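With these hints in hand, go ahead and build the complete structure from the sequences.
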Amino acid sequence: GDSVTQMEGPVTLSEEAFLTINCTYTATGYPSLFWYVQYPGEGLQLLLKATKADDKGSNKGFEATYRKETTSFHLEKGSVQVSDSAVYFCALRRGYQKVTFGTGTKLQVIP
Amino acid sequence: SQTIHQWPATLVQPVGSPLSLECTVEGTSNPNLYWYRQAAGRGLQLLFYSVGIGQISSEVPQNLSASRPQDRQFILSSKKLLLSDSGFYLCAWSPQGFNTGELFFGEGSRLTVL
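Chains A and B are the protein sequences, given in the same order.
Letter by letter, the first sequence follows residues 1 to 111 of this note's numbering.
Letter by letter, the second sequence follows residues 1 to 114 of this note's numbering.
To be clear, the hints were calculated from the coordinates, so they are not data collected in a lab.
Just to be clear, a hint being listed does not mean it is correct.
If you anchor each label on the Cβ, the simulated ranges turn out as follows [to be verified]:
no.: 1; chain 1: A; residue 1: 95; chain 2: B; residue 2: 58; range: 19 to 25 angstroms
no.: 2; chain 1: B; residue 1: 51; chain 2: A; residue 2: 26; range: 21 to 27 angstroms
no.: 3; chain 1: B; residue 1: 8; chain 2: A; residue 2: 3; range: 31 to 37 angstroms
no.: 4; chain 1: A; residue 1: 26; chain 2: B; residue 2: 52; range: 26 to 32 angstroms
If you want the ones that stay clear, here's a sample from chain A, every Cβ over 10 angstroms from chain B, calculated [as the list claims (entries may be wrong)]:
no.: 5; residue: 61
no.: 6; residue: 62
no.: 7; residue: 71
no.: 8; residue: 109
Given the structure is predicted, the values throughout are model-derived calculations rather than measurements.
Cβ atoms here follow ideal geometry from the backbone N, Cα and C, with glycine treated the same way.
Below is the structure:
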């Protein structure tokens with residue numbers, strides 16, 4: 001079945017540091033890929049998405065590129081802020097199938 | 001615009017007591033509806049999903065149940081709560097039919113079973 005693997009956290013960075021959160025997936029065909037963010041005490045919200053190979057999703061300074069050859073969708077940001085502290089979930093969906101989530105990676109940014 | 005609300009936001013219940021969490025969606029028709037659970041330090045576990053009124057699919061056998069009495073209403077219930085039912089419960093919706101697959105989440109309900 002489909003699966004998503006994320007790097008384990010927590011990830012602790014200083015403000016303005018470079019961020020990478022790794023995500024790889026297993027799925028047949030061409031799933032759509034997503035990054036969701038969950039701020040403390042809240043529900044999840046979509047951060048960015050990519051629907052086909054080589055697409056780059058971007059939002060709020062975050063980027064991720066859909067790499068079919070490595071089945072990856074790593075999340076990056078050039079300069080993190082304290083307000084980026086949250087839990088980040090990688091996810092995929094194939095066609096009509098249900099969305100499959102990774103286990104989440106907690107990011108803590110310290111001033 | 002579409003909105004999703006779930007309540008209560010916080011709930012503390014004794015073991016063996018019943019549970020009812022409600023979720024409603026506004027601004028869309030015939031959505032797919034989902035209940036997820038997020039246990040402390042763990043990822044998201046899909047509990048139930050529904051593609052229409054009265055149509056419920058269960059992903060994980062447990063003492064929880066779900067119902068969809070109206071098109072945009074989704075209810076999560078239990079007759080007798082267990083300690084292991086503690087967690088953060090999230091309702092979500094997505095448009096019917098093929099789409100890019102984005103889910104729209106509610107604010108969550110934190111359940112503590114004592």
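Here is how each hint holds up against the structure:
The supplied range of 19 to 25 angstroms is met by residue 95/A and residue 58/B, whose beta-carbon atoms lie about 21 angstroms from each other. For residue 51/B and residue 26/A, the hinted distance range of 21 to 27 angstroms is satisfied, since their beta carbons lie about 25 angstroms from each other. For residue 8/B and residue 3/A, the hinted distance range of 31 to 37 angstroms is satisfied, since their beta carbons lie about 33 angstroms from each other. Against the hinted window of 26 to 32 angstroms, the Cβ-Cβ separation of residue 26/A and residue 52/B comes to about 30 angstroms, which satisfies the hint.
Listed as a non-interface residue, residue 61/A keeps its Cβ farther than 10 angstroms from every Cβ of chain B; the least gap is roughly 20 angstroms. In this structure residue 62/A is separated from chain B by more than 10 angstroms, as the shortest Cβ-Cβ distance comes to about 16 angstroms. With 10 angstroms as the threshold on Cβ separation, the claim that residue 71/A sits away from chain B holds: the shortest Cβ distance comes to roughly 17 angstroms. The claim that residue 109/A lies off the interface holds: its Cβ sits roughly 20 angstroms from the closest Cβ of chain B, which is beyond the 10 angstroms cut-off.
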